[in-house]
Structure formats: structure tokens, C-alpha cells
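Peer 1: Sequences are here, hints too, so could you generate the full structure?
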Amino acid sequence: MRVSALSPSKSVGGLTLLLLLLDFITPAATVKHENFKTCSQSGFCRRNRAFADHALAPESNWVSPYEIKETTVVLQNGVLSAEILKTVPGQTEKVVLPLTINFQKNGAVRVTIDELKRTKRDIVLRGDSKARKERYNEAERWALVPNWDVRQETVVYDNQKGQITLTFGPDLKYKAIVTVYPFNIKFERDGETHVVLNDRGLMNVEHWRAQPAAPEEGKEKSPEDLDGGWDETFGGNTDTKPRGPEAVGMDISFPGYDHVFGIPSHATSLSLKTTRGGEGAYEEPYRLYNADVFEYIVDSPMTLYGSIPFMQAHKKGSSVGVLWLNAAETWVDVVKEKEKTKNTKTHWVSESGQLDVWVFLGPTPQTLYKAYGELTGFTKMPPSFAIAYHQCRWNYVSEDDVKDVDKKFDKHDIPYDVIWLDIEYTDGKRYFTFDPLTFKHPEKMMKNIEKTERKVVLIIDPHIKNIENYPVVEELKSKDLAVKDKSGEIYEGWCWPGSSHWIDAFNPAAIEWWKSLFQLDKFKGTAKNTFIWNDMNEPSVFNGPETTMPKDNLHFGNWEHRDLHNLNGMTFMNATHQALEARDVGKGKTQRSFVLTRAFFAGAQRLGAMWTGDNEAKWEHLQAAFPMLLSQGIAGFPFSGADVGGFFGNPSKELLTRWYQSGIWYPFFRAHAHIDAKRREPYIAGDPYTSIIRDAVRLRYALLPAWYTAFHRASKDGMPIIRPNFVVHPDDEDGFEIDDQAYIGDTGLLVKPVVGEGVEKVDIHLGDDEIYYDYWNYKVYKGKGKKEYSAPLDKIPVLMRGGHIFPRRDRHRRSSGLMKHDPFTLVVVLNEKGNAIGFLYHDDGESFDYQKGAYINRQFIYNGALKTLSSRDLHREPASAAAYKKAAKPLQIEKIVIVGASKSLDTSVLAKGKSKAKAVLVEEDDGKIKEWEASLGYTAAADKEHADILVIKNAKLKISNDWTVYLEQVGGDAEKPKDEL
Amino acid sequence: MRSILLLYLPLALVEASQKPIGDAWALPRGLNPALSDKYRPSSSQTFSCLTQPHIELPISLLNNDFCDCPDGSDEPGTSACSHIKPSVNPLPGFYCPNKGHVPAYIPFSRINDGKCDYETCCDGSDEWMGVGGVQCPDRCQEIGREAKRAALEKKRLYETGIKSYKQLVEKAALLKKETEDKIVAVSGEIKRYEGLVSEKKAALKKAEDEEKLRVATAGNTGDEGKSRHQKLLDFTKEKISDHQEKLLKLFDETQRLRDELEKTEKILKTFKEEYNPNFNDEGVKRAVKSWEDYLAAKDSTADLSGDFLSEVTGLMYDPLHWEEYEPEQDDGLAQDVYTIEAFLPPFLRSWVHEQLSTLRTSLVEYGLLAARKPKSGSTSTTVPPHIQKLTDDLSTTESTLSSKQSELTNLQSDLTKDYGTNSVFRALKDVCTEAASGEYTYSFCHLGRATQKNRDGGSTHLGEWTGFERRVDDEIEQEVTVIKYERGARCWNGPERSAYVYLRCSAEETVLSVAETEKCVYKYVATSPAVCGEIALEGEEGVVMGEAVRQVN
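Quick note, the sequences are listed as chains A and B, same order.
Using the UniProt record's numbering, you'd call the opening residue of the first sequence number 1 and step up by one each time.
Using the UniProt record's numbering, you'd call the opening residue of the second sequence number 1 and step up by one each time.
Quick caveat, the hints were computed from the structure, so don't treat them as lab data.
Each residue gets a CB set at the ideal place from its N, CA and C atoms; glycine is no exception.
Check the hints yourself; a few may be wrong.
Below are the DMTMM-like pairs computed for lysine to aspartate or glutamate, each with C-alpha atoms no more than 25 Å apart in a straight line [claimed, not checked]:
1) A:407 to B:146
2) A:411 to B:516
3) A:411 to B:477
4) A:403 to B:516
5) B:266 to A:34
6) A:32 to B:273
7) A:956 to B:71
8) A:779 to B:71
9) B:519 to A:676
10) A:411 to B:518
11) A:32 to B:274
12) B:85 to A:695
13) A:429 to B:518
14) A:444 to B:146
15) A:411 to B:127
16) A:678 to B:473
17) A:447 to B:127
18) A:411 to B:119
19) A:403 to B:127
20) A:407 to B:477
21) B:205 to B:194
22) A:316 to A:337
23) B:85 to A:687
24) B:266 to A:295
25) A:444 to B:142
26) A:411 to B:479
27) A:912 to B:71
Ranges between beta-carbon positions, derived for each pair [what the hints assert, rightly or not]:
28) B:261 to A:407: 45 to 55 Å
29) B:273 to A:151: 56 to 66 Å
30) B:284 to A:77: 52 to 62 Å
Peer 2: Take a look at the structure:
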């Protein structure tokens with residue numbers, strides 16, 4: 001008996017060991033690769049790569065078969081239109097492709113190429129397809145802001161020898177040089193070419209053609225019969241392709257550029273790798289096809305949950321970008337020429353739709369992001385709780401469970417703002433219901449959570465359970481708001497609930513219906529502190545091709561799913577976002593929404609936050625997160641996070657701790673765990689881990705005003721919230737590839753999380769010669785390049801760059817909501833010249849009043865020569881802020897910490913400890929000038945390697961007012977303190 | 001400075017009742033009066049940070065809502081030092097006097113955050129600043145009254161619980177005594193039966209020897225040219241080789257089935273490893289679950305051990321060395337046939353015994369072996385009645401002895417088993433308690449098993465009783481006795497289930513709550529008088545006092 005019990009376990013042990021070994025050899029060999037297409041399995045990708053190979057072969061004298069018909073060229077109101085003619089071998093009739101080039105006031109240019117026959121619906125669909133005949137032309141309706149089209153009317157036109165030159169842009173510094181034959185466009189700025197479309201002649205618009213009959217025996221197949229152009233089968237699903245082959249492809253070159261960034265989401269480095277040979281090249285192109293990739297692998301160009309087809313090319317002195325505005329399946333090849341000149345050449349291919357490319361000529365990362373944001377929108381100001389800490393798990397299983405977790409956070413004194421409920425809260429996966437046994441009194445639960453100003457986020461997915469007596473599915477069907485299959489019947493597939501239908505959020509009526517479902521009196525059990533998580537919106541369909549919908553499914557307007565797949569998730573998020581904003585939360589009031597999405601496209605930053613999906617509790621996933629989130633910032637969607645702790649599996653205590661220390665720097669900071677994973681709320685690990693995690697979370701909370709200010713900046717001009725080295729130091733060529741450290745907004749805080757097991761020190765790269773100070777002990781780091789920084793488990797690597805001022809709220813509370821009455825601390829980090837500058841944005845954090853001026857926006861300037869710190873109003877219309885300023889009067893600055901005080905002040909007297917010097921504070925309050933004094937605390941530098949610190953104590957300055965702090969007394973003789981206040 | 005004093009003047013008035021009589025100085029807000037001396041201003045109107053007395057600060061900085069002391073001790077009454085770690089700050093929190101109830105400390109992070117924390121601070125003193133317009137009127141009267149009522153009720157329950165506990169202990173002692181008495185009685189019986197067995201063995205031996213002698217004297221008739229013994233030997237050889245052959249076949253068949261099973265299990269194993277749990281296919285999930293259940297059940301069933309199999313293989317191939325068994329006398333062989341078992345390892349004995357019994361039966365059927373003893377010289381195969389009687393008698397006595405012995409073993413192990421302090425759980429053996437929670441009903445039986453029952457009557461085994469341990473019940477923040485149930489049914493995609501029953505003292509056996517704290521780990525909170533003894537040790541007053549102390553801490 002004893003022996004018998006041993007023998008089976010022995011074999012299991014052996015197998016486990018083997019699996020572990022395999023695991024070790026091929027890290028995370030868990031993704032089901034066979035579920036997802038490679039380029040060669042995707043007909044149009046295969047064709048276009050072959051097309052490129054053919055065109056680029058040394059022996060081929062390839063000439064791109066596209067030519068502008070010069071007689072059709074018209075420039076009107078900032079838009080050039082013309083016809084491009086495509087020569088098809090063996091055919092006399094040329095294919096007509098209407099071209100428009102739209103010049104925007106901010107310098108952005110849009111190049112759109114359509115197909116005349118398709119615009120006229122002059123084609124015959126295969127089968128009895130009900131699909132639309134045009135090429136998809138509605139991506140802009142979702143991706144771009146409503147009033148995006150602000151044209152530059154003053155474009156200068158010149159046509160010489162088959163070369164049309166268009167001069168445009170700010171101060172007419174940009175040129176678009178259009179070559180008539182073979183068609184291509186070079187974009188110049190200041191006389192230098194930065195972007196070239198169809199540089200290598202890889203443009204390929206697959207025109208409509210009837211499917212040629214099968215060739216007779218022994219005869220060659222027609223050249224119009226494209227490989228993989230018709231019915232295509234993958235994983236048992238057949239795509240009927242009613243319009244046959246219709247891909248659009250284009251090559252885009254960045255002459256002189258060695259680095260390209262963007263096109264998230266991929267688990268890869270920030271600087272994109274080459275995909276067609278070269279050192280460390282990927283074999284596959286970067287793929288953009290939103291998909292539920294189960295247990296994804298890191299360091300791969302494989303597609304993930306969301307797509308933003310925006311790419312930035314950067315070199316010393318210049319940043320430019322392109323947006324490939326196409327929502328169909330897309331692949332991007334990257335090639336780098338390193339010989340004489342450094343050039344990056346890219347090749348973009350989408351399965352269907354218009355060829356629609358936006359070109360942005362920078363010239364700086366800042367101007368580039370601004371122009372891109374003016375087009376696709378800026379990050380929306382989130383409600384303030386949304387940037388605090390989120391506690392999630394699949395699943396908190398009952399109200400008691402929620403209560404218990406809530407209580408334990410308080411007991412262990414760890415702040416948190418939001419507790420999340422995954423799918424198990426529902427009654428049998430019916431969204432808009434609560435499990436009647438485990439969540440009997442949801443409204444009570446919401447109220448209990450509200451006591452500490454906390455929130456509850458509920459998951460609501462786009463699949464609606466197909467079951468009797470479920471009003472939501474009944475309405476979905478009776479109102480005809482679901483996605484259809486190729487024959488026009490309501491599509492049925494499988495997801496969490498089993499058999500399901502999908503809401504078609506492209507349909508305006510569906511959005512209206514969706515909005516009605518979230519009203520508090522409709523969605524029983526929810527309250528004003530309930531917010532929503534949209535998962536599985538790629539959409540994930542368990543039994544569909546590549547775990548998503550068949551491409552020949554039909555959406556509103558009879559557009560094929562193929563055309564708009566990558567937009568699908570965003571339209572669903574949009575419906576939820578609108579629904580939350582439309583909720584009457586009492587007395588007709590509305591509030592800001594918070595929606596987390598897994599799938600996204602360009603423009604989703606206007607609607608909420610994203611996270612990087614189902615990662616794993618492994619060190620390499622912790623490592624992968626930072627580059628992924630930096631990439632999100634580049635692509636205009638900075639409100640992003642990765643599951644802290646790793647979704648699948650069980651992190652070691654060290655990994656969990658390091659993940660928290662890293663996660664506090666994610667713009668969206670949420671811990672999450674799979675249902676099979678062990679509980680890992682921060683209080684479970686025990687000390688020292690729990691204490692270290694508590695300290696990390698508290699640091700996030702203390703810095704919330706700085707984060708909120710960074711969000712505000714992103715919402716105004718698209719600057720990433722966490723910024724990679726190249727954005728902050730655009731001329732630091734050594735630092736272009738750095739993607740494991742980041743700057744937090746404009747704070748000058750430079751963070752480099754520890755992401756390796758057993759690692760106790762990191763090398764932090766300084767991108768300039770400015771002085772940097774250790775956040776914790778004010779140790780000085782100086783000189784461009786790598787600096788070693790000791791980081792035992794309880795230390796988070798953070799440096800403060802000289803020249804910045806950032807706000808904090810040091811008082812510890814249970815949630816961010818409970819910090820709202822607390823005073824602020826200003827940290828003034830002096831640079832070599834003794835100067836510093838910084839910002840504070842503040843509003844009520846929940847309403848839309850900020851849009852009407854109810855906010856405080858201050859600039860703080862420390863003038864080293866004058867020895868003053870002053871607060872300046874940056875409000876655009878100060879008058880509109882009057883009421884809010886009044887309400888914000890109790891908000892004070894209690895403490896000012898000046899790091900490196902001796903850079904500006906003669907601190908020798910202070911150092912002797914005898915000085916009775918005080919700071920003189922002058923504030924303008926309601927038109928009256930007040931003056932008082934505050935005492936000082938001074939800590940001399942421990943040694944030459946550390947900075948000295950001067951603290952202005954109990955300052956009582958109002959954040960809403962103009963004020964100046966005078967420190968000129970410090971160096972002089974101590975005066976007798978004044979007594980008037 | 002003066003203005004600050006002025007600002008604090010009204011507060012001083014409010015707290016006038018707390019200040020020591022005849023002392024002009026008022027107790028600082030949020031300070032435990034026991035610490036008041038530490039803050040008494042010096043003649044130069046200063047005070048010192050508690051853990052860094054060299055830092056002397058003007059008294060105006062005490063509770064001025066700005067954190068001056070590195071240890072945070074200058075702000076007992078505000079949240080200004082809430083960022084100072086508890087390990088650094090010598091003050092445990094803001095002291096709520098809670099007049100009419102029990103004084104308590106509340107963390108500094110909850111002072112003036114705009115929320116009344118009546119759970120700790122029933123007097124509302126934590127929100128003295130009224131930030132955001134919050135008002136927290138003193139509710140200590142009602143809360144104190146309610147708390148007293150609850151404490152009394154608790155005390156009453158404890159008292160009843162302690163009574164029940166005492167009864168349980170008595171009952172347990174009685175049961176234990178019974179067991180001990182039984183052990184004495186059974187031991188005596190065993191001695192007696194051992195005597196009887198040896199007496200009977202001797203009597204049988206004597207009778208047999210006499211009988212042998214009688215037969216031998218009668219002479220061996222011998223027949224058909226081959227001795228009867230030789231015939232028996234030949235037959236036995238033939239039969240054994242036949243058995244070996246069949247055993248071989250059976251073994252091969254078993255092996256084949258085992259291989260098939262292994263193959264099938266491998267398929268299922270791969271299936272389980274490779275299926276996508278994200279694809280929530282109910283069918284697949286069910287299949288995986290059944291597979292898990294099958295595996296769990298399989299673990300607990302006996303399997304043929306490797307040693308056993310090699311023994312059997314030995315039996316199949318190792319030919320007996322018959323020459324060793326060539327007897328001088330017939331009885332020898334027969335004897336050996338019977339006693340061969342004796343040479344086998346104990347775990348094989350019963351199996352071989354069975355095989356041999358079959359052989360013996362067939363031998364008897366073929367008339368080649370007597371039921372117990374070959375009887376020569378006569379055609380009759382019956383044992384002489386007197387020997388038969390003696391044999392039967394002996395075997396009855398032996399079996400009685402063995403049952404007495406196992407009874408003793410059971411009784412002795414019961415006596416050494418851990419039944420908790422004072423063996424109190426002995427009195428609760430097999431008492432079961434259950435409660436509904438969510439879609440299930442959960443039950444546990446003392447010293448038995450814990451079970452999760454479905455609405456539809458199905459049930460899942462959560463574990464067998466494995467003992468007790470002490471753990472902290474974090475709801476009441478006390479170390480309590482926990483009953484462990486382990487090695488339950490294996491979970492889908494998870495470990496074997498286990499349940500831990502956290503016991504609190506009360507008069508009744510009840511289940512208060514059940515939660516799955518980890519995947520497949522269940523936490524029961526239950527009450528039982530069996531743990532009232534732990535409280536009783538502290539003294540009955542200690543119960544209420546303990547509560548109060550906890551609230552302060």
C-alpha cells in the first residue's frame with residue numbers, strides 16, 4: 001500500500017521535472033501558437049511579403065505600376081485630389097484609384113487612396129453576400145475626434161517635370177514632393193527628407209476582380225487568381241471572402257532614422273526590431289489583429305489584445321510619425337539599413353479597407369504627440385480614484401469576501417481605492433445581474449465600500465448570454481442590435497456564458513440601448529461608486545477563428561467584421577463610457593466615467609484605461625511590462641497598466657514585492673490574479689514583504705497630486721505620463737533604446753524598477769549632465785551615462801532630476817478620496833544653477849466642472865538668484881475658477897522641501913544650527929496681501945556625495961493663491977521674527 | 001505663537017474634564033492621560049520628542065497640525081504625522097476617551113479625514129476639525145450600552161459554554177475511564193485466551209501424535225506400484241504448474257490492462273494539461289473534473305505494489321525444488337502445503353493463503369488431500385472426530401484471541417489519540433454540525449470528515465480529520481483552536497481539498513460561516529463549548545476584559 005502510493009507520484013514527479021525543464025529551455029512555451037496565424041498562414045500577408053521579395057530582388061527591375069493622371073490633379077481648400085492609375089499586366093484598362101492628400105493646419109498630412117469601382121459599388125460579391133461593396137471608410141468616425149478636420153488653406157502648389165511640390169505646414173517649412181510616375185511622396189522638413197511613401201515601390205492596392213474560373217488542365221492559372229485570395233480556411237473555420245482579394249499595402253521609409261517606436265500592443269522592446277533579417281530579427285512581421293492570446297509569450301511580434309497603428313521614427317534632432325488608419329488585420333515589416341546611412345524602412349499591409357496614411361513631421365516628440373493627439377484625441381481626465389491603487393482578483397466570491405478584503409486592507413493600513421469583481425459576481429454570467437446567493441445585497445456592499453470613499457468595478461463583457469428569460473438578450477434580439485453572421489442572422493458563438501450573442505456597438509441605436517442599461521435604477525445593485533471593466537472585447541469568441549469572430553460576420557451598415565475588427569473593442573468601450581457618463585448619480589448629476597478595456601485602437605485614450613491583458617507571474621513578464629507601457633504612451637494611450645503580480649500562476653513573495661515596486665509607476669495600477677492562483681493580497685505575504693509593499697503603495701498615494709498633474713498634461717498636449725529616456729532627452733543617442741526606466745510626467749522623478757530575481761542593484765542611465773539626487777537619501781548622481789544604484793528588496797530606485805518641483809500629499813489615508821482635505825508638500829529639487837520649476841493641477845476629481853474652469857493649475861518657480869519660490873496661475877480663464885478657488889481655500893501647502901538648498905542659499909549659518917532665520921511668505925488672498933513667517937529646518941549634507949535639505953515648516957500657503965516665499969534672510973543674520981501673525 | 005494658543009483654547013475647555021485636578025495645564029488632544037506627564041511643558045515652555053528627548057520643541061508646536069518630531073510624537077491629536085511608520089512612532093494612535101464606553105486608539109490616518117469612525121471612536125473625537133463639514137456627535141452612550149449588552153450576552157454564552165464544557169470534560173473523562181477499564185478487561189481476556197490457545201494446541205498435538213503413531217503401527221498399505229505420496233506429489237506438481245501457467249496468463253492480461261489504462265490516463269493527462277481553461281466549455285470542464293475526481297479517488301485505493309508483483313512473478317517462474325519436499329512421510333508434504341505460507345512475507349500471506357486454499361480445496365476434491373490431514377491406511381478421508389473437534393476448538397479460540405488483540409490495539413490507540421485539551425473532543429466524537437452558505441451546505445463531524453453538499457444531493461469530500469492546531473482567527477484577533485480536515489477530494493486544476501474549522505466558545509455547536517479562502521481550502525468559523533476551557537483558564541472576568549483590552553490595542 002505504501003509502496004503503491006509512491007509509484008504513481010514518482011512518475012508524476014518525473015513528468016513535472018521534465019515540464020519544468022522544457023519550461024526552462026523555451027520560456028513560457030505556453031501560448032497556443034497554432035491558434036494564431038503566422039504571416040504565411042494569412043493569405044494577404046503571404047502575398048504581400050512575396051510581392052516585396054519580388055520587387056526588391058536584386059535582379060528585378062521593379063517599377064511600381066502606379067501613376068498619377070496629371071490632368072485630374074486639383075488642389076482646393078487644403079486638399080489635393082487626383083486619380084492614380086494602376087497598370088495591371090495583360091490588361092489595357094487601368095484601375096482607377098482616387099487619391100486625396102489632406103493638409104492640416106497643425107502640419108499633419110493625410111494621404112488616402114480608394115478604388116473607384118468600389119466607391120461606385122460597381123462590383124459583384126461572391127456568394128449571396130449582403131456585405132457592403134465599398135472599401136471601409138468609417139475608421140475615422142471612431143478613431144478621430146469629431147472636429148479633426150482643420151485644414152491649412154494656404155498650401156503652395158508647384159508642378160514641374162512630373163513632380164508636384166506642395167509647400168505647407170507651420171511657417172511653410174514642410175514640403176510634400178509627389179512624383180507622378182512611379183507614384184511616390186517624399187515629405188521634407190527644413191529641406192531634409194524624413195518620410196517617403198512608396199519609396200521601395202511596395203504599394204499594392206489589390207483591385208477588385210471576379211474570381212477567375214479554375215484553369216483548364218495543363219494551363220496556367222490566371223494572374224488575377226491570387227494566392228489565398230478567395231475562400232481561406234484556418235483552424236477549421238472558412239472565411240468566405242465575398243470581395244476576394246482586397247488588401248492594401250505600402251512601404252514607408254524614414255531616411256536617416258535608426259529607431260522606430262510604437263504600434264502597440266506587442267510584448268517586445270520599445271525600439272522596434274527588424275523583421276526581415278539582421279541581428280536579432282524577428283521572423284514574423286509585427287501583427288495588429290486584436291486577439292485574446294492565452295498566456296502570451298514575451299519578446300515577440302505576435303499580436304495582442306489591442307492595436308494602435310501609430311509609429312514614431314526618432315533620431316537626434318528629429319521625431320516624425322505615421323498613422324496607418326486601417327482597422328483590418330494589419331502586418332508591419334521593419335527593415336533597418338545600417339551601412340552608409342542609417343535608414344529604417346517599413347512595410348505596412350492591411351487585409352481590406354482604404355489605404356489611409358497620416359504623416360506627422362514633428363519635429364520634436366512633444367510636437368509630434370500633440371499633433372497626433374489633436375487628431376485622435378487626448379487622454380480624458382480620469383476621476384481621481386482611477387489613478388490610485390486597484391485591487392482585483394478573479395474572483396472575490398461573495399459580499400463577505402469583499403468585506404473581508406476591505407477590512408484587511410484597513411487593518412494592515414494599506415491604502416486602496418477600488419475593489420474589482422470579475423465574472424463570477426453575475427448570476428450565471430448574465431451581465432447586469434448579481435448572483436442571488438453570493439451577492440444578495442449588492443447595494444449594501446456598494447454603500448459599505450463607499451464609507452471610505454472607495455469604489456467597486458464590475459466586469460461587463462460584450463457577449464450576452466443566449467438563454468431564455470434573460471431580458472438583456474431578449475432586448476438585444478428584439479431591437480436587432482447584435483452582430484450578424486454572413487447570412488444576416490444574429491451571430492451565435494461561445495464565450496464565458498456558453499452560447500452568446502454580441503452587441504454591435506457600431507450601431508448608434510445599440511449605444512443608446514446600452515446607455516439605458518447602466519442607469520442606477522435599471523442596473524439594480526449598482527451605485528454611484530460602481531464603475532465598469534470591459535473585457536473580452538477583441539471580441540473573444542472561444543469557438544471562433546483565432547478565438548475571435550469570423551471575418552465575414554456583418555456589422556451595422558453591413559460592413560464586414562474584417563473591415564473593422566480592430567475597432568470593435570473600442571466601440572464597445574465607447575458605448576460603456578457613454579453609458580457611465582450618462583448615469584444620473586442623484587439629483588440629475590453626472591460624473592466622469594471609468595472604463596477599463598482590454599481591446600483598443602487609436603483614439604481609445606479618450607474613453608478610459610487599458611491593461612496589457614493576461615500576463616504571467618514570471619520575472620520576464622514583469623520585465624516586459626515597462627516597455628509595453630512606455631509604448632502605449634508613445635502611441636497616445638498612456639493610461640495603461642499591467643496586472644501587478646502576474647495574472648496566471650503564483651508569484652514568489654520577492655516577485656510580488658518587486659512587482660508592486662514597479663507597478664506603482666504604471667499609470668494604471670491594478671493587482672490581479674487568475675481564479676486558480678493563490679490569494680496574494682499585499683497583506684498575505686507577511687513581513688518584510690507586506691511592509692515593503694505597503695511602503696510602495698503609500699509612495700504612489702503620496703505622489704498622487706504629481707500623477708494627476710501628469711494626467712492633466714497628457715490630456716492637454718499628449719505628453720506621455722511615464723516617459724522613456726528618448727522623449728526627455730531626444731538628443732541622447734546612447735539612450736534611444738532604453739525602455740526599462742522612465743520619467744514620471746514633468747516631476748523630474750526618474751524611476752528604474754528592479755525586475756530581476758535576486759537583483760540588488762541597477763544601472764540607471766542619466767540622459768544628461770544635470771544633477772540627480774536619490775529620492776531617499778539625497779545622494780548625488782551626476783554625469784551622463786550609467787550610474788550604479790543599490791536597490792535591496794526594500795528600496796525602490798528613484799532619482800530626482802535637478803530643476804524640478806513636484807507636489808506630494810504626505811499624510812497617510814485609507815483611500816485617495818479620504819485625502820481630499822489634506823495639505824500638500826512641495827519638493828523643490830534645485831539644479832546646478834539653483835533653479836527649479838514645477839506644476840500642480842487640481843480639481844474635484846469626479847465631476848465635469850473642470851471643463852467649465854473649476855480647477856487650479858499652478859506653476860511653481862524657484863529662482864536661485866532671487867532666492868524665491870513663487871506660485872503662478874496657469875489657468876486659462878481665471879475668472880471662471882473663482883468659485884472653485886473659494887471651495888479649495890482649505891487646501892494648503894504645509895511643507896516645502898528644498899533639495900540641494902546650498903545651490904541657491906548660503907547655508908553656512910544654518911549649518912551651524914544657530915540661525916533663527918525664517919522664511920517670509922507673502923500671499924495674495926482675495927485681493928489682500930498677507931505676509932507672515934515660517935520656521936525652517938535644515939539638514940546639512942552628510943558628505944560631499946549628498947545634498948543638504950532645507951524645510952519650510954508649516955507654511956500654510958493656499959494652493960489656489962499667488963504667493964512668494966522669500967528666503968533671502970537665510971544667508972544673512974537672523975532677524976527677530978515678526979509677530980503679526 | 002499666541003494665536004495658536006488662542007486657537008486651541010476652546011479645545012482646552014472641552015477637555016477640561018480630563019485634566020488632572022489642580023493642574024492648569026490641559027491634556028493635549030489625542031493623548032492617553034497615562035502619558036500626560038511626558039508632555040508637561042518645561043519651565044521654558046518646551047517639550048521633547050518622545051524617543052528623541054534631545055529634540056526640544058516649543059509647546060506651541062504640540063498638536064499644531066505640522067509634524068516636527070522625527071518620531072511623530074508631537075502630533076498626538078492630528079493626522080500630521082500619519083506618514084510616520086508605527087514602528088517609529090511611540091504613540092499607538094489617537095486616543096479616543098470614549099466616555100461611557102471603552103477608550104480606544106485610532107490610527108492617525110483616520111483623524112480628520114471627514115469620516116466618523118464610530119467603530120473605534122464612539123465619541124466622534126477623531127473628527128474634531130470638521131473637515132468638509134463633517135460632524136460626528138458623541139454616540140458612546142448608545143454604543144456603550146449596546147456593547148455592554150453584547151458583552152453580557154457574550155458572557156452569558158460563555159458561562160453556559162463553560163458549563164457545557166465542564167460537562168463535556170466530565171463525559172470525556174468518563175469515556176476515557178471506560179476505555180481504560182476496557183483495556184484492563186480485554187488485556188485480562190487476552191491472557192486467558194492465550195493460555196487457552198496453548199493448552200488447546202498441546203492437546204491437539206498430543207492427539208495427533210497418538211493418531212500418527214496409530215496409523216504408522218497399522219502399516220502403510222501402498223498401492224499400484226507408486227506410493228500414494230508420490231502420486232500426490234505428481235499431482236501437486238502438475239496442479240502447481242497449471243496454476244503457474246494460469247497465473248502467468250492472468251498476469252499478462254493484468255499487464256495488458258494496466259498498459260491500456262496507462263495509455264488512457266496519459267491521454268487524459270495531456271488533455272487536462274493542454275485544454276484551454278479560458279475557453280469555458282462546460283463539457284470539457286466536466287470531463288476534466290471527472291478526471292480529477294477519478295484521480296483523487298484513485299490515490300486512496302490500494303494498488304498492487306511493485307514488491308507484490310515481483311513476488312507473484314517469483315511464484316510464476318521459480319519452480320519449487322520438489323526434491324526438498326520429497327518426504328519421508330506423507331504427512332510432511334501435506335504439512336508443507338499448509339505451512340508454506342509461514343515462509344512468506346506477511347503481506348503476501350493472505351493472498352497466498354487464498355491461492356493455497358483453492359489448491360487445497362481442489363486437492364481435497366480430487367481425494368488427494370484430506371481436509372486437514374491425510375489419513376493413510378484407510379479409504380476414508382475423514383479426520384477422526386476427536387481431532388476434528390480439537391482442531392475446530394483451537395481455531396475458534398485463536399480467532400477470538402486475535403479479535404481481542406485487535407480490540408486492544410484499537411483501545412490503546414484511542415487512548416493515545418489527541419482529543420484536545422482534557423480530551424474534551426472525545427465527548428463530541430461523530431457529532432456533526434452544518435450550515436448553508438451560498439449554494440452549498442457545509443458540514444463537519446468531530447473526528448470524522450468535512451463535507452460540502454450540493455442542493456441536488458451530491459456532496460464533495462473536503463477532508464478527513466487530521467488533528468488540531470492553534471491559529472489566529474483574524475476576525476476576533478485571537479488565537480483559537482482549529483480542527484484540521486485534510487486530504488479531501490482533489491480539485492479541478494487544484495490541490496486536494498482541505499477544511500479548517502476555527503472554533504469559538506459558545507454553548508452550542510454551530511457553524512457561523514464558511515468561506516473558500518484559497519482555492520479548495522475552506523475556512524469554517526464555528527462555535528463549540530469544547531473550546532470554552534481555553535477561556536475559562538483566563539478566568540471568567542478575563543473574557544470581558546480581554547475584549548476591552550483588544551479595543552484599546
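Peer 1: State the violated hints by number, sorted upward, taking the hints as numbered earlier in the document.
Peer 2: Nothing - there is no hint that the structure violates, so all of them hold.
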